[in-house]
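Based on the provided sequences and hints, a complete structural model is requested.
Protein chains: 2
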Amino acid sequence: MCEASAFIVNGDKEELFLERVDKLIPTEEGLLLENIFGQRKVIKARIKRLELVDHRILLERED
Amino acid sequence: MCEASAFIVNGDKEELFLERVDKLIPTEEGLLLENIFGQRKVIKARIKRLELVDHRILLERED
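Top line first, the protein sequences correspond to chains B and E. Number 57 in the working numbering belongs to position 38 of the first sequence; there are no gaps in the numbering. Number 47 in the working numbering belongs to position 28 of the second sequence; there are no gaps in the numbering.
Where hints are given, some of them may not hold.
No copy is singled out in the list; a pair is fine if it fits within one copy or between any two copies.
Listed next, the in silico DSS-like pairs over lysine-lysine satisfying Cα-Cα at most 25 Å (straight line) [what the hints assert, rightly or not]:
1. K60 - K42
2. K42 - K67
3. K63 - K42
4. K63 - K32
5. K42 - K32
6. K67 - K32
7. K60 - K32
Keep in mind that the hints were calculated from the coordinates and are not lab data.
Structural data, given as structure tokens:
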């Protein structure tokens, strides 16, 4: 399976936000992430970087 | 490998922009995409949706 984990980047730190993300959809409320288990989370953030071969989605919180 | 293909969505149509994308990085010039062959393309677009299990990145051009 080719899902990726989403991390919130804060300086040098990376905090896991949601594992095994399948879908990511920008909405008015923020980024909507849905993983392969159907779990959904929304975060006011922007995409800093995708590294798909490494299964990583890096996010930065928006104020 | 878990790269995805990037498509430009225009109404009902999807146009292939770059195959086998590994990295996607927002820059001031637009979205920078790099595939597993090291090919790079930049596009003035926003992410409409990621569907990682289906290996799809859907983009919308920005004016």
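Review point. When the hints from earlier in the document are held up against this structure, which numbers fail?
Key: none
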